[in-house]
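J.: One letter stands for each residue in the lines below.
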Amino acid sequence: MSVPHALLGLLEREPHHGYDLKRLFDAYFAPDRPLAYAQVYSTLARMEGRGQVRLEGVERVDGPDRRRFAITTDGQAELERWLSEPLVPEPHLQAALFTKVVLAILSGRPVEPLVDAERHAHLERMRELTAIRRAGALQVALLADYCMFHLEADLRWLDVTAARVDDLRAQILNVTEKS
Amino acid sequence: MTASPDSVVTIEPTATVESKMPVVPSMPAVLVASGLVKRFGQTEALRGVDFSLARGEVVAVMGPSGSGKSTLLHCLAGILPPDGGSVTFEGARIDDLGEGDRSRLRRTAFGFVFQFGQLVPELSALENVSLPLLLNGVRRSVAEAAAAEWFPRLGLDGMERRRPGEMSGGQSQRVAVARALVTEPSVVFADEPTGALDTIAGEQVMELLTSAAARQNTSVLLVTHEARVAAFAQREIVIRDGRVSGSAR
Amino acid sequence: MRFSEIRLGVRLALADGRRSVITFGLTALAVAIGTGVMLFAVSFMPALAERDSRAAWRQPDRVEDSSQARLSMAVFQDDYAGQTLVRVLLAPSTADAQFTADAPVPPGLSRLPAPGEAYVSPALADLLARTPADELAPRIGTVMGTIGPDGLRSPQELIAVIGVDPAQLGTWANPIVGFRTAPGPHNLPPVALLILVLAVVGALVPVAVFVATATRLAATRREQRLAALRLIGATPAQVARLAVVEALLYTGIGAPAGILVFALTRPLVAQIPLDGGTWWPETISPPLAEALALMVVVQVVGALAALAGMRRLALSPLGVQRRVTPPRPSALRLVPTFAGVVTLLVSLNIFRNSTGEIGPLAVVGASFAAIIIGIAFAGPWLTALVGRVLGRIARGPSALLAGRRLADDPRGSFGSIAGVIMAVFVASAFFTFAAYATAHAGDFDAPIKPGVVLTVPYGANSADAVAARLPNVQGVRSVLAVKEVSLVDSRGSYEMQAWVVPCDTLMAAMAIPNASCGGTRIHTILPPGVSLQSSYVAQAFDDQGVRLPPVELRVDPTRVAPLVPDASRVQGLPDVILDPSTFGDAGAGFPVTRLYVTTDDAAASGERVRAAVQAVDPTAWVFIPSGKVSSVPQFAEVARIVGLGLIGSLLLAGCSLAVATMTGLLERRREYTFLRAAGMPVSRLRVLVLLQAGVPLVVVSGFSALLGVVVAQAILRMATVAEVPMPDPSLVGVLGVSLAVAMAVVVATLPAVDGLTRPTSLRSE
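Chains as they are written, first to last, in our numbering: chain D, 516 to 694; chain H, 272 to 520; chain F, 4 to 768.
All clues stand as given, with none of them false.
If you want the ones that stay clear, here's a sample from chain H, every Cβ over 10 Å from chain F, calculated: (1) 313; (2) 315; (3) 325; (4) 359; (5) 417; (6) 429; (7) 469.
Derived coverage of chain H by chain F (criterion: at least 3 residues anywhere in the stretch with Cβ under 8 Å from a Cβ of chain F; other residues may be distant): (8) 345-354; (9) 384-396.
Keep in mind the hints are simulated off the structure, nothing from the lab. The beta carbon of each residue, even a glycine, is placed where N, CA and C say it ideally should be.
My request is simple: use the sequences and hints to build the entire structure.
T.: Structural data, given as structure tokens:
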């Protein structure tokens, strides 16, 4: 689900409270399935353990915990790495791909190179699968086909998204203003 | 291969596989374009494209509609003279040749497969395939004999006398492939060859095209927007807004 | 039909933008031209009739009771320098010295000419002004004025109304009460009538077929459009109505435009000569009823042609879409042509035994039309055959593509050349007819030597006056007078014609091969086995018709010799030629019936002789040998009309050939463009276009020409017993030029081939 990387991306812009992070995450990445608070805090805890985020401050005014987190240089590096390296192609990558594209837009990074890199990786994988299909027995070929169709679906989505980048950017930044 | 309940069946991406695809050692480039520029009126279709195609290589040219990929194919094939830059084939410049010379180059050294509508309806499949040889002055009987050899190779046994209108789309595209390869060209240019076909027929055509080209060490330049078709190529380049983008090796 | 359907039909017809406007324009133009030609065809008979009625007054309406007569007339037709000249001699009726006050005046004249005066046609007046005074004017007299158009057949006519004394007319006089206003029966020989009918049919049928095929020019695209409508649910009836609307659009505008075409070209058409003269434009006008009927017929034919095309659609809208091989034209298509030939031969046989009645003539005309239409009908089969052969023997790609395309779509390829093919057939037939006509020109008389003029004086006592005058005429060398008698044998039953003239002087004037005068005084020209008896009685009549006293003739068989070895080869000579010494003084009273005048062979001398003779005796017949003159000049003129028809249909066919070529090219635009992308040079494509148009044109034309010559030869051999020659070799030249002109139009479209199939136009994205 790449929740950690999404949080890193949100923190890259500015430090946030856990409460804010959940709200932003829902708005940008999962409008149909809100993230549970517990998952937010547990993820943050893990990342803190890895040194990717640090606690910047705690405020306890009336009400719940308001711990503020910030991204570290390690976290920054991890985010960069994740964004620039293409994902390992496998079926059902939508969520991760989607996250990447939105983050890129949010952070003002160019979308096209990202899409191109993903496409290249997908095509490489599809080439391998084509070779497998040629060589293998029928069941293997069937499985290869299955993977290929899903990868193709991902690629189609990537193409459409790349074509819609400008509109997408306007939408997302619109949400930003509202929040 | 693993199967787990909450994720789909996957094939390990890193497993070593035996592939029938021949390993292509790096060979000299047979077709090189550098700084290609082409304008249509006010629109710039190509804005400085560099590209090279090695002997025996299969390369896919991808990109959104209107990006200039067909224009790139036309310039590389000598159909359109570019407005800027150069195209070199086997070491010699071809972009500054006259129409007659380019025409001759196309019929002797190149082969073409288009999406549809290239076979002449009133000729039989055999006659359609033999057309490029006839254009090169080969005697009719010799041309038809050479053309006939392609039919069993492409799974078209017995279809020699049929007309294009009496075949399925897949069969007629295979005839088109035979026509493209009959002169044993150096390069085959395929512009959306599977665009009008369904999945199975399309894959058959691509399989036959690439394996036949490999046997003759013919390069293939494949313009397509379909990933599964591009998967038959060894590498791809992406054209966007008249320029090469994306990571091409 | 609802108004909305009409509007839809019109919108659909013009839906293609510029291309459909061009197609519409060309088709409407074709319909207009076809209608115009039909209007001329319909005006032909009325124009002929009008011409005949204007000339009707020249046929004497003889009255039996000469006391009733108001004047006498006689009409003579000969020529001046090869141009037909008609002289109408009018004399007061015998009782009066001058014309009575109530004497009728011919149309076009203000009064009757007194003896010595003449009224001439404007053309003759011009001619008189241009010729020397002793060559023509003496035959006419003093010109008092011109004849108006009401009395003239054509503007070029040379005719004079000459006043003469009754004595000069002699036995030629026809007493009349008034001038005819309605023409009498035609005196054309039956063969000429036959040819005329065939000429009209031959000119009309190609035009009619052309109009029908022109409306099919737009048919393919119309069928595609309407097929799309059928697919979305239009009923066959609706689609048929739309097709009819579109067809009526062409014919509804084309047919009235044809009236305009007719009016504009009428002055030009009036210049086409027939029977020696051109026409007054106003005499060429179609009768109202027939013109209206023609307008209606054109609409009906157009609508029917459109509906015929819709029949395929009614069965299946998909039949038009799918690119399957259309059914081959069947060999049965040849049947109408052969049936027509058979019917023609049978009806000719019947016609030969008839006397020019309408019935068999109509069947002959109809079967000729059937052959012509049969060619148009058989054309697609022939074209398909040509295509198959070409495809089989083709060595290069252009010929292969052209041949297969022809075999695949023969109807489309042939349709536009149908008009040319039919015109070729008709032209070949008429060249054959014309060859016959010129071969059988005026063989009446015995051939006389060039420079010798034959004069046959008819008037009373005129022979002496003529003979006296002739030696004074410039250019005359000698005058030989020939006297004529009948020889009756002792039983009084067998009569021979004899000339009394020295043999050697006669032979000096005549060109008779193998003639020898020898030393004898009597020469015979008799069939083998016939010889002279020992005694005859020579009889003759004088100018007034009074029998002269007979003179006995004793024949010494040893002093008789045949003039020529084979008498059957000689025409125009009598049975016997007697030297004057055989009669001695007793023959002095014999009448001089002909004079052979030897001149210096200058053309003007012959005319001077004629002028001098006819000034004295207007009724004299003068024959000036001047090469072959067609006995029926109509033949040559008809051939000229047919030639014009050939050129006209070529122009029409050229346009439709160009359109058809372009249409064919457009149908294969994608395939040919891809072939060019794959390296086919433009030159090969151009060769393809030329082959596709040219091969069927040349091959089927050759077939039609051959058929035309064969049919015409058959007609002539059956219609007449005279020898039928081969057509003039210039036919090949004319055909070659015609085909070249038609191909020139195709060549003119070649530049478009490059532009239409440029590989740079390929944009699949």
